Amino acid sequence: EAQVTQNPRYLITVTGKKLTVTCSQNMNHEYMSWYRQDPGLGLRQIYYSMNVEVTDKGDVPEGYKVSRKEKRNFPLILESPSPNQTSLYFCASSLSANRGSYEQYFGPGTRLTVT
Amino acid sequence: LAKTTQPISMDSYEGQEVNITCSHNNIATNDYITWYQQFPSQGPRFIIQGYKTKVTNEVASLFIPADRKSSTLSLPRVSLSDTAVYYCLVGDRAKDTGRRALTFGSGTRLQVQP
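Protein chains in written order, with my numbering: chain A, 1 to 115; chain B, 1001 to 1114.
Read the hints as simulated data drawn from the structure, not as lab findings.
Honestly, I wouldn't trust all of these hints.
As the list claims (entries may be wrong) - Residues from chain A shown here face chain B by an in silico Cβ test under 7 Å; the list is partial:
1. 10
2. 42
3. 43
4. 45
5. 50
6. 58
7. 61
8. 97
9. 100
10. 101
11. 102
12. 103
13. 106
14. 109
Claimed, not checked - Within a straight-line C-alpha distance of at most 25 Å, the following computed SDA-like cross-link-like pairs (lysine to any residue) qualify:
15. B:1003 - A:60
16. A:57 - A:44
17. B:1069 - A:41
18. A:17 - A:73
19. A:71 - B:1046
20. B:1054 - A:69
21. B:1054 - A:101
22. B:1052 - A:86
23. B:1003 - A:101
24. A:57 - A:86
25. B:1069 - B:1108
26. B:1003 - A:55
27. B:1052 - B:1081
28. A:57 - B:1026
29. A:65 - A:82
30. B:1052 - B:1041
31. B:1003 - A:5
32. A:57 - B:1052
33. A:69 - B:1101
34. A:65 - B:1019
35. B:1052 - B:1105
36. A:18 - A:68
37. B:1052 - A:71
38. B:1069 - B:1042
39. A:57 - B:1045
40. A:57 - B:1019
Model, not experiment: these values are computed from the prediction.
Just so you know, even glycine gets a beta-carbon here, dropped at the ideal spot from N, CA and C.
Whole structure, please, built from the sequences with the hints as guidance.
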C-alpha cells in the first residue's frame, strides 16, 4: 500500500531536549516536505526536499533541521525545542515538483507538545 | 510567493452542488492547480488537479478559465461527510530560481447541513 508514515504520532517533551520526527514514503517520490499546522494559521511549509541531498527552506524554517540521505526518508530534527514549536506536524511527498504538479500524499501527522 | 485567496467558510445542504472559488493571480506558467480536502486532525487528502479548462474525476470537477488566475472546485450533491476544509494550492511564480516551496492558503471551511 502506497503511504507516508510518520513516527511518533504523539510526543510530549520538555524545552531543550533534542528530538527527531521520522518520515518515510514507499512511492519512490522525489519531492518531500514538512508542514506545521496551528489553529488559525493553516498549513505552513517548514522545509522541503526536491531529491536526495537537496533541501531548502519553506516559510517557517527557524528552529528546525532536515536531512535527505535516502530517497524514502526525510526526518525533521528539533535541536532545542521550545514551547512555540508545539504544533501538529505533517510530512508529505509527491512524485516530483519539477513539472509543476503538486499532488502530495500526506502522513497521518505528529502532534508535538513542548512544555 | 504565489498567494491564493479563498472564502473563509461556506454552508450548504445535503444534495446540493457546492462551488468553491480560489483566486491565484500569480500562478506560474508551468504550474498546476491542486485542491485538497482536510478533516480535523488528519493530513490533507488530494482531490483533484488541473492545468486549464475542465477536469473531472469521481469526486469533483475543477474549472479553470483561460487566464488561469482563478479556479473553481465543484462538489456535486454534497453529503454530511463532505464537511471539511478545502485548500487550493499553486506553486511559486518567482523567476525560476529552482525553488519549489509551496504555500497553502487559509482554506475554505465547508459545513454541510442535513
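Results of checking the hints against the structure:
1. Annotation: interface hint on residue 10 of chain A violated; nearest CB of chain B at approximately 11 Å, more than 7 Å.
2. Hint status for residue 42 of chain A relative to chain B: holds, with the closest Cβ pair at about 5 Å, below 7 Å.
3. At a threshold of 7 Å, the smallest CB-CB gap from residue 43 of chain A to chain B is about 4 Å, leaving the interface hint in force.
4. Hint on residue 45 of chain A holds. Least Cβ distance to chain B is approximately 5 Å, under the 7 Å limit.
5. Satisfaction of the interface hint for residue 50 of chain A is found here, the shortest Cβ-Cβ separation to chain B being roughly 6 Å, below the 7 Å cut-off.
6. The restraint placing residue 58 of chain A at the interface with chain B holds, with a minimum CB-CB distance near 5 Å, inside the 7 Å limit.
7. Checking residue 61 of chain A against chain B: minimum C-beta separation of about 10 Å lies over 7 Å; hint violated.
8. The interface hint given for residue 97 of chain A is met, as the beta carbon of that residue sits about 4 Å from the closest beta carbon of chain B, less than 7 Å.
9. Checking residue 100 of chain A against chain B by beta carbon gives a least distance of about 4 Å; that is within 7 Å, so the hint holds.
10. The interface hint given for residue 101 of chain A is met, as the beta carbon of that residue sits about 5 Å from the closest beta carbon of chain B, less than 7 Å.
11. For residue 102 of chain A, the shortest C-beta to C-beta distance to chain B is roughly 5 Å, which falls under 7 Å, so the interface hint holds.
12. A cut of 7 Å between beta carbons decides the hint on residue 103 of chain A: the least distance to chain B is about 5 Å, and the hint holds.
13. Restraint check, residue 106 of chain A versus chain B: the minimum CB separation of about 3 Å is within 7 Å; hint holds.
14. The beta carbon of residue 109 of chain A comes within 6 Å of a beta carbon in chain B, closer than 7 Å, and the hint placing it at the interface holds.
15. Under the criterion of a C-alpha separation no larger than 25 Å, the hint pairing residue 1003 of chain B with residue 60 of chain A is consistent with the structure, at around 16 Å.
16. Proposed proximity of residue 57 of chain A and residue 44 of chain A is supported: the alpha carbons are some 11 Å apart, at most 25 Å.
17. The hinted pair formed by residue 1069 of chain B and residue 41 of chain A meets the criterion: a straight-line CA distance of about 24 Å does not exceed 25 Å.
18. Straight-line distance between C-alpha atoms of residue 17 of chain A and residue 73 of chain A comes to about 22 Å, which keeps the hinted pair within the 25 Å bound.
19. Under the criterion of a C-alpha separation no larger than 25 Å, the hint pairing residue 71 of chain A with residue 1046 of chain B is consistent with the structure, at around 22 Å.
20. With a CA separation close to 39 Å, the supplied pair residue 1054 of chain B and residue 69 of chain A exceeds the 25 Å bound.
21. Between residue 1054 of chain B and residue 101 of chain A the CA atoms are separated by roughly 16 Å; this keeps the pair inside 25 Å, and the hint holds.
22. Restraint check for residue 1052 of chain B and residue 86 of chain A: the C-alpha separation of about 39 Å exceeds 25 Å, so the hint is violated.
23. With a CA separation close to 17 Å, the supplied pair residue 1003 of chain B and residue 101 of chain A stays within the 25 Å bound.
24. The hinted pair formed by residue 57 of chain A and residue 86 of chain A meets the criterion: a straight-line CA distance of about 19 Å does not exceed 25 Å.
25. Restraint check for residue 1069 of chain B and residue 1108 of chain B: satisfied, since their Cα atoms lie roughly 18 Å apart, inside the 25 Å limit.
26. Proposed proximity of residue 1003 of chain B and residue 55 of chain A is supported: the alpha carbons are some 22 Å apart, at most 25 Å.
27. Of the supplied pair hints, the one linking residue 1052 of chain B and residue 1081 of chain B is violated, its CA atoms being roughly 28 Å apart against a limit of 25 Å.
28. Straight-line distance between C-alpha atoms of residue 57 of chain A and residue 1026 of chain B comes to about 21 Å, which keeps the hinted pair within the 25 Å bound.
29. With a C-alpha separation of about 14 Å, the suggested pair residue 65 of chain A and residue 82 of chain A falls inside the 25 Å cut-off, and the hint holds.
30. Among the hinted pairs, residue 1052 of chain B with residue 1041 of chain B is inconsistent with the structure: their alpha-carbon atoms are about 32 Å apart, more than 25 Å.
31. Our distance criterion of 25 Å between C-alpha atoms is broken by residue 1003 of chain B and residue 5 of chain A, whose separation comes to about 29 Å.
32. Distance restraint check for residue 57 of chain A and residue 1052 of chain B: the Cα-Cα separation of roughly 29 Å exceeds the 25 Å cut-off, and the hinted pair is therefore not satisfied.
33. The straight-line distance between the Cα atoms of residue 69 of chain A and residue 1101 of chain B is roughly 20 Å, inside the 25 Å bound, and the hint therefore holds.
34. Restraint check: the Cα-Cα separation between residue 65 of chain A and residue 1019 of chain B comes to about 39 Å, which exceeds 25 Å; the hinted pair is violated.
35. Between the alpha carbons of residue 1052 of chain B and residue 1105 of chain B the distance comes to roughly 20 Å, so the proposed pair stays at or under 25 Å and holds.
36. In summary, the hint linking residue 18 of chain A to residue 68 of chain A is supported, as the alpha carbons are separated by about 19 Å, within the 25 Å threshold.
37. At most 25 Å may separate the alpha-carbon atoms for a hinted pair to count; residue 1052 of chain B and residue 71 of chain A exceed this at roughly 31 Å.
38. For the hint linking residue 1069 of chain B to residue 1042 of chain B, the alpha-carbon distance of about 29 Å lies beyond 25 Å, and the restraint is violated.
39. Pair hint residue 57 of chain A plus residue 1045 of chain B holds up; C-alpha atoms about 23 Å apart against a cutoff of 25 Å.
40. Between residue 57 of chain A and residue 1019 of chain B the alpha-carbon distance is near 34 Å, which puts this suggested pair outside the 25 Å criterion.
Hint compliance for this structure: hints 1, 7, 20, 22, 27, 30, 31, 32, 34, 37, 38 and 40 are not met, and every other hint is.
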